[in-house]
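Asks: The lines below spell out each chain.
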Amino acid sequence: MKPAKFEYHAPSTLDEAIALLVRYGGDAKVLAGGQSLVPLLNFRLARPAALVDLNRIRALAYIRDENGLVRFGAMTRQRTIEFSPVVARRLPLLREATRWVGHLPIRSRGTIGGSIAHADPSAEYPAVLTALDGEVVARGPKGERTLAPAALFETYLTTTLAADEVLTEVRLPAMPEGAGWAFEEFARRHGDFAIVGVAAALWRGGGRVTARLATAGAGPVPRRLSECEQILERDGLGDAAIEAAARRASELVEPDTDLHASADYRRHLAGVLTARALRRARETARG
Amino acid sequence: MADVRLTVNGAAREGRCESRKLLVDFLREDLGLTGTHVGCEHGICGACTVLVDGEAARSCLMLAVQADGADITTVEGLMRDGRLHPLQEAFREHHGLQCGFCTPGMLLTALDLLRVNPAPSEDEVREGISAVLCRCTGYHGIVKAVRAAAVALAPKPG
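Taken in sequence, the protein lines are chains A and B.
Mapping of the first sequence onto the numbering used here: residues 388 to 674, in sequence order.
Mapping of the second sequence onto the numbering used here: residues 79 to 236, in sequence order.
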């Protein structure tokens, strides 16, 4: 047996899942798609007393598009998102980012809620959530609360979710018609975790430009590049403005060195990928 | 211990195992289906890929208990009436295997790829099979085999 012993629960309702988390008082782990947690169990880097598996909770898998907001049940599979016509139309940036999440067999199981709650800073979905001003809903024994990315991501693999809270929903505002987008990423092999990734969206409206930019892998949490957005919103989408925004991106990020890449290299990549993402987003933007 | 009832290659099967047992180990040790290979055991190599309800997934990243009620296809389920599946035929024809260790995972990954994209370009095949590592590095033959299988599996006109 690879994983250490644990008690296994697969409740069919969210209330039961939360009651189990309360009962184990921090010694249980929530199992979503399992594409990050099961490797940790196999290596015995995680040895929870119990697993609370959300896979039998049907009510947690949905995509709803209402009033300009797309809401995803936390257990919606990445593969479902990849092939969803709603996502292709309303959130093309999320669709493109999904293609960078592992491989298709990983996306068959991996979920949007799991990816965000795992809070790996090099993961794609936390960066998209950050770029698009999304939010997540968490439910615990005391009720429900809504968290913006800045209030959710604390540091590497750590969120502000309590041990008895379940991330239940991810909300992303639909991108405006005609918006341009790009997700650029560099990894050593296709499907590996990003060394650095950049999510970009651009749109024009009311005579002005709106830009959205966030990085993955360039620090302990996804980083929104508001100052770069301001450069573009002030100076437009010409080459000089894009280059200025890219330079600022490499100054703003606060990467660490690890065995995959040095902080300097990540800083350099943040600039290069920001420029690439912005140029491609500019090409896809209409209007 | 937990009871696991599932369909494997079209047949109802059941077993009893600890809840921490991985699906790949359950298939091999409890059901005797050793065609699915155990490689890295942390979701990187893809050797253990099977179809779960028709979609390719890593059987080392699923617990057997999670497959209760599921419909699983393993490499043993690809042959029909004693004949190789067209994808297996294409792997043989185009030297898509050397040592054979990655082959079960490659076959099921490619089958899923061809289901979502029945006529993939060479780049799309390369991206698709990047989900599985071949340490013989015989990728050229595998790419050729998958593209040939796409043609063989395409609906015939008329």
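Misleading hints may appear alongside valid ones.
Unchecked claim - Going by beta-carbon spacing under 10 Å, a handful of chain B positions derived as facing chain A:
no. : residue
1   : A80
2   : L111
3   : R136
4   : V221
5   : L231
These are computed hints drawn from the structure, not numbers from a lab.
Keep in mind it's a predicted model, so treat the numbers as computed, not measured.
The beta carbon of each residue, even a glycine, is placed where N, CA and C say it ideally should be.
Asks: Check each numbered hint against the structure and report the violated ones by number, ascending.
Replies: 2, 4 and 5
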